[in-house]
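Asks: Same order as they appear, the protein sequences are chains A and B.
Here our numbering is used: the first sequence runs in plain steps of one and ends on residue 356.
Here our numbering is used: the second sequence runs in plain steps of one and ends on residue 257.
What the hints contain is simulated information worked out from the structure, not anything from laboratory work.
Among the clues, some could well be false.
Only pairs whose alpha carbons sit at most 20 angstroms apart, straight line, appear in this in silico SDA-like list of lysine to any residue [claimed, not checked]:
{"#": "1", "chain 1": "A", "residue 1": "305", "chain 2": "B", "residue 2": "158"}
{"#": "2", "chain 1": "A", "residue 1": "305", "chain 2": "B", "residue 2": "161"}
{"#": "3", "chain 1": "A", "residue 1": "305", "chain 2": "B", "residue 2": "139"}
{"#": "4", "chain 1": "A", "residue 1": "2", "chain 2": "A", "residue 2": "34"}
{"#": "5", "chain 1": "A", "residue 1": "305", "chain 2": "B", "residue 2": "153"}
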Amino acid sequence: MKVDQLLPSLVAGDAISGHVVGVKRALEDLGHRSEIFVGEVGAYPVPGVTTRPAGELDAAADAVFYHLSVGSSLTDRFLALPGRRVVVYHNVTPPRFFEGWDPPMADVMRGGYADLERCAPLCALGIGDSELDRSALDAAGFSPTDVLPILIDPDALDVVPDPDAAADLGGRRRRGRIWLFVGRFAPNKCQADVVRAFAAYRRAVDPDATLLLVGGRFTGSYQDAVLDLAATLEVGDGVIARGPVSQAELAACYRAADVFVCLSEHEGFCVPLVEAMHHRVPVVAFAAGAVPETAGGAAVVLRDKDPVVVAAAVSEVLGDERLRAEMVRRGSSRAQEFDIARVRDRLPQLLDKAFG
Amino acid sequence: MARTSFEGPLSWLDGAGAGALDHVVFEEELGTRGRDRLRQMFQGHLDLRALREERIEGVACAEGVCHGAVEGGHVRPLSTIFGPVRVTRLAYRRASTCNAAAVQVRTRCPWVPQRGPHRPPLCWPEMRSDRSEAPDVEGVERRARAVAAAWRGAGIGRSLDTPVRPPASSALLASNLEAYRHEPLYPPATSLVVRALRRLRRRLTADLGLRVARLERYEDVSTDEIARTLARLDVEAAELRARVGRLEEDAARTPAP
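Okay, chain A solo, but in the shape it has when bound (with noise of 0.2 angstroms):
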């Protein structure tokens, strides 16, 4: 069987691109052949795999996936196929987090709405990240929908940390604790939050601490903002964004983190989480979007996001040796049930019901 892939870019870094290239990897692994096709060639290619261009899909696939977390074009294409049409549905952001911040973005993601909606009566099944994305699936009317979690590869995130970031953060670790999150600069990651709080940690606990903001410059305009924010709140001197990064930095990241806090007020599914619990970093989050689902009790999980109590949550864990090891314990457990090698398991099933 022939089951070919299709997204609007696969670029190195990413969490959809690593899924989609786990996804072709784990098809061949089942014997099928696996092709990925791409609408635009991204910046930065992920080495080692081959792409070809949309304009080049053809009817040979018996199915296609169909990866879908923003408005494109690529949809008609998608739709015009004649084998089994599968949407794998990432979840796309709320428009209004873009409002005013970055208008075509907003427009963009309303693009998206509508290609699922025009998806759902065409397509032999939806898949959705977690099940809340489930829910937006059934939602949207495709029948059947099933759920596959992100793929992550444990090995793609045990790289050796890279040594200058690695020395750098030491030196910043020694001082004091060192806050971190991971995601790209948006409305919707609320990184502006997470310097509130992290403000207020630094006020009550430790004036020392650092707080690393690591991702992509994907609304510019807000990452300015939020730097803005930091100096106003006088802890300009504490705040670090990085990125992109690389595997190695990233891994540097996490290694010298104490704490990964998570604050975003949208998120299908949010890959950091469950990296950061592979990399035994304690997890304080939000209870926003998937995050409880994903975190699966091994998250500090506030309801609240008032700053002041998001800082003493983050003292609580770090001053509690026990606490933090426990969090420790879960959040590696965890970590495991993500493991590529036990959610590839799923494929064979997930093609069945396609077919079915």
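Following the hints, put chain B in place on chain A, whose structure we already have.
Replies: Chain B alone, transformed into the frame defined by chain A:
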């Protein structure tokens, strides 16, 4: 006492007074009465712990100094989400040092910020989970709220509600264009971006026009200043238009999907 005080809200709920209130007032009143009863229960529980507390040998503070002498009936205030309560317990003392309870307060309270990484935690029964029990991950938020209440009282929350706002449209365009050019994660559909950028360019032109019109209304601004400002705006607009143009060219060169 805590047990009997719980009966108060029940009898109030049962009475005619509560029945006469509308939903909003009833909700507020029930919240106030309920929180006070919870505070009393909290206090009752702390008093019970104080009665049951036994002296422990070999208590050391965060610096590792052993506190051998004990002062019974030591009382300190504690802020909780239900209101203030009093903690009564044994305080372990040592000559020429503060007692262990005070050391604990210093490690947890904001007015004496720590330098460097956290010190080793003290495991006082009322603040930390019992060492014989599994750590209470689920209870962190509850405990954090109580700690946060005290921190807020010490001014930790000041100015944290400072909002982040999008900049004016010209600066917004400049920031986001740079992001589009250099961080093409999840690149959106080319045609949509180009369409949106054209709309933004129109907005930018309108914005510049508006700014000039506002500037002209200031009578005390000299002609020279207006000329300088207009020249600067022209340069800014030209740069932005050039950036939009380059982006559109890039988009046009991208193979159609």
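Asks: Hint by hint, say whether it matches the structure.
Replies: Against the structure, the hints come out as follows:
1. 305/A <-> 158/B: holds (16 angstroms)
2. 305/A <-> 161/B: holds (12 angstroms)
3. 305/A <-> 139/B: holds (16 angstroms)
4. 2/A <-> 34/A: Roughly 6 angstroms between the alpha carbons, so the hint for residue 2/A and residue 34/A holds.
5. 305/A <-> 153/B: holds (18 angstroms)
In this structure, every one of the numbered hints holds.
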